[in-house]
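Novice: The primary structure of each chain is shown beneath.
Number of protein chains: 2
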Amino acid sequence: MTTEIIPLGTASAIPTRDRHLSAVALVRGGRTLLFDCGEGTQLQMIRAGVKPMRLQAVFISHFHGDHFYGLFGLLATLALLKRSHALTVVGPQGIADLVGRIPGLEPEWLPYPVDFVEMAPTMSKAIVLESSEYRVEARPLEHREFAAGFRFEEKRRPGRLRLERAHELGVKDYVDFRLLKQGKAVTSGGRRVEPDEVLDAPPPPASFAYVGDTRPCEAGEVLARGVDLLYHEATFGSEMADRARETGHSTAAEAARIAARSGARRLLIGHFSARYDDPARLVEEARVVFKNTDAADELKRYPLQAVEPAAGERPVAQPDAHRGEQ
Amino acid sequence: MTTEIIPLGTASAIPTRDRHLSAVALVRGGRTLLFDCGEGTQLQMIRAGVKPMRLQAVFISHFHGDHFYGLFGLLATLALLKRSHALTVVGPQGIADLVGRIPGLEPEWLPYPVDFVEMAPTMSKAIVLESSEYRVEARPLEHREFAAGFRFEEKRRPGRLRLERAHELGVKDYVDFRLLKQGKAVTSGGRRVEPDEVLDAPPPPASFAYVGDTRPCEAGEVLARGVDLLYHEATFGSEMADRARETGHSTAAEAARIAARSGARRLLIGHFSARYDDPARLVEEARVVFKNTDAADELKRYPLQAVEPAAGERPVAQPDAHRGEQ
Numbered sequence: 000m001t002t003e004i005i006p007l008g009t010a011s012a013i014p015t016r017d018r019h020l021s022a023v024a025l026v027r028g029g030r031t032l033l034f035d036c037g038e039g040t041q042l043q044m045i046r047a048g049v050k051p052m053r054l055q056a057v058f059i060s061h062f063h064g065d066h067f068y069g070l071f072g073l074l075a076t077l078a079l080l081k082r083s084h085a086l087t088v089v090g091p092q093g094i095a096d097l098v099g100r101i102p103g104l105e106p107e108w109l110p111y112p113v114d115f116v117e118m119a120p121t122m123s124k125a126i127v128l129e130s131s132e133y134r135v136e137a138r139p140l141e142h143r144e145f146a147a148g149f150r151f152e153e154k155r156r157p158g159r160l161r162l163e164r165a166h167e168l169g170v171k172d173y174v175d176f177r178l179l180k181q182g183k184a185v186t187s188g189g190r191r192v193e194p195d196e197v198l199d200a201p202p203p204p205a206s207f208a209y210v211g212d213t214r215p216c217e218a219g220e221v222l223a224r225g226v227d228l229l230y231h232e233a234t235f236g237s238e239m240a241d242r243a244r245e246t247g248h249s250t251a252a253e254a255a256r257i258a259a260r261s262g263a264r265r266l267l268i269g270h271f272s273a274r275y276d277d278p279a280r281l282v283e284e285a286r287v288v289f290k291n292t293d294a295a296d297e298l299k300r301y302p303l304q305a306v307e308p309a310a311g312e313r314p315v316a317q318p319d320a321h322r323g324e325q
Numbered sequence: 000m001t002t003e004i005i006p007l008g009t010a011s012a013i014p015t016r017d018r019h020l021s022a023v024a025l026v027r028g029g030r031t032l033l034f035d036c037g038e039g040t041q042l043q044m045i046r047a048g049v050k051p052m053r054l055q056a057v058f059i060s061h062f063h064g065d066h067f068y069g070l071f072g073l074l075a076t077l078a079l080l081k082r083s084h085a086l087t088v089v090g091p092q093g094i095a096d097l098v099g100r101i102p103g104l105e106p107e108w109l110p111y112p113v114d115f116v117e118m119a120p121t122m123s124k125a126i127v128l129e130s131s132e133y134r135v136e137a138r139p140l141e142h143r144e145f146a147a148g149f150r151f152e153e154k155r156r157p158g159r160l161r162l163e164r165a166h167e168l169g170v171k172d173y174v175d176f177r178l179l180k181q182g183k184a185v186t187s188g189g190r191r192v193e194p195d196e197v198l199d200a201p202p203p204p205a206s207f208a209y210v211g212d213t214r215p216c217e218a219g220e221v222l223a224r225g226v227d228l229l230y231h232e233a234t235f236g237s238e239m240a241d242r243a244r245e246t247g248h249s250t251a252a253e254a255a256r257i258a259a260r261s262g263a264r265r266l267l268i269g270h271f272s273a274r275y276d277d278p279a280r281l282v283e284e285a286r287v288v289f290k291n292t293d294a295a296d297e298l299k300r301y302p303l304q305a306v307e308p309a310a311g312e313r314p315v316a317q318p319d320a321h322r323g324e325q
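Going down the list, the sequences are from chains A and B. Mapping of the first sequence onto numbering that gives the first Met the number 0: position 25 corresponds to residue 24, and the numbering continues sequentially without gaps. Mapping of the second sequence onto numbering that gives the first Met the number 0: position 190 corresponds to residue 189, and the numbering continues sequentially without gaps.
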């Protein structure tokens, strides 16, 4: 299962000639999750070849216009395309009411249901989307108003069944295959067959965190723990550290510190202030702290690849421990 | 005074890779009027070099998303740019309430006042903006819901004073100059001096009509009477005439008939259905009826040039007669 991260908009607040408003697509098995949806996102989706009908969920981090004014047009386009299957929209409390009042988006007009998942301003964490294959967790960050960050994480899946080996061991029944895939031993001709005798090593689960707008904070670090890819806002360079503090944003070096502390494998920075024509300087500042940093490149496809820690090596990320401690 | 018409978005309903959502800018003496404001209009303004701070008024024709979802981002950007002078927003009844409920656009948050001019669904015509130099008139068209068309028209201005000739006739006082410019005769050394002795011929007033979304209709024709440039929607070709009727839109040939009947000098068609990769065929169909037709080209600047009818020639357009009959 290939998963790709596609930054659609890397500008902050005001779009520029070269940069669009906040949105990042996660495309996985023909389905798309969209993190933030600034104005013009549906146009960027067209340019990226991300089909709006394949959209499964939209996550709105907060109610600053550059992060959600594109939701209206996107929902309207889905209606015009005659979508009939449900769409999940995760956002701050009040988002259902807000959307429902926009002419053209009243629930009785839309030809598809919208499942709104509202995040209360007082929430400390929440699983905002869960399927059999992955979950998305939200935590409140530190911004001027309620703003959430998100962590996408695949669930552990069993390895592929080595059919030939199973047959050699006399296991031929579908029910046994399913039990083995569920991690349970079966009996074949009086012999106990353990799952790891017939299953490949499980594919490592991939993870991704979307953190912004925010000051560098504990919640961002927790969301990013051990992820394969962290998208963190880096609105300013270090010369604007005071302004970052005043406005509830992060500098590139601060984003890099979160990446380093959380044990993320790769950092993409975005949400650049319009004052930076070229974010190269911000990348330089970040790399001093966290080497594997790049500026998020709009429309570029970043494969989300999980790597299994080598045997005996203590992994930086321990998803189960991470879950346990919450 | 140069006036230019700049189509910013010529798509209908759903944007395409090449065409953006509805918006047309009228730029005149460093100020801009914006007709409709589909999602992404502020980005198209950047690309067209149309400065948002110079915006004087936005006219929203109706409450279909492709015509107004870009208003939110534009208003937010003006706030971020710290605009302090008023902006006029003309739109259907309810627009003030609608905008005021959007997070980030509450009246108490915006650093500039918005003068909302609401068009009642029952209105038959209204002057929705008037300055010393021009006026904008709105009339309801024939669409699936209330939708207005607009006519921009410069007021007649006096011709330039020929200072040398005035001095020859002994007129030297500023007060006399002003009277002459107001069309009043003055007395100099016992001799009566008429305005046309010292003033150039008055520059012809320019006019523009923005008509869409609509069926071809009487109100569109009245708005377009004698204009130098008519922007009329032409969502479909003639093969889709039934669909145009059902959806409250016009075909290219229907738009051309309105141009011909109204005596418009030039027709730009836009609001093309996404099914037409290239609107060339629509232009062909329109030209059979009205020769001076082009497909509106996004970001192209169309000069709005008024032409004075030659002496003795009955002008196609008679702005004063037009006003008289209302």
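Take the hints with a grain of salt, since some may be wrong.
No copy is singled out in the list; a pair is fine if it fits within one copy or between any two copies.
[What the hints assert, rightly or not] When the alpha-carbon atoms are kept at most 20 angstroms apart in a straight line, the in silico SDA-like pairs for lysine to any residue are as follows:
1. Lys299 to Arg16
2. Lys81 to Val113
3. Lys299 to Ala218
4. Lys81 to Arg143
5. Lys183 to Phe62
6. Lys50 to Thr15
Note that these hints are calculated values from the structure, not bench results. Source: prediction; values computed, not measured.
Novice: State for each hint whether it applies.
Specialist: Going through the hints against the structure:
For the homomeric pair lysine 299 and arginine 16, the shortest alpha-carbon distances inside one copy (17 angstroms) and between copies (17 angstroms) are both at most 20 angstroms. Proximity of lysine 81 and valine 113 under a CA criterion of 20 angstroms is satisfied intra-copy only: 14 angstroms inside one chain copy versus 36 angstroms between copies. Taking the closest pair of Cα atoms, lysine 299 and alanine 218 never come within 20 angstroms of each other, the shortest separation being 27 angstroms inside a single copy and 48 angstroms across copies. Taking the shortest alpha-carbon separations for lysine 81 and arginine 143, only the inter-copy value of 18 angstroms comes in at or below 20 angstroms, while the best intra-copy value is 38 angstroms.
Taking the shortest alpha-carbon separations for lysine 183 and phenylalanine 62, neither the intra-copy value of 47 angstroms nor the inter-copy value of 59 angstroms comes in at or below 20 angstroms. When the C-alpha separation of lysine 50 and threonine 15 is checked against a cutoff of 20 angstroms, the pair qualifies only between copies, where the shortest distance is 12 angstroms, while the shortest distance within a copy is 24 angstroms.
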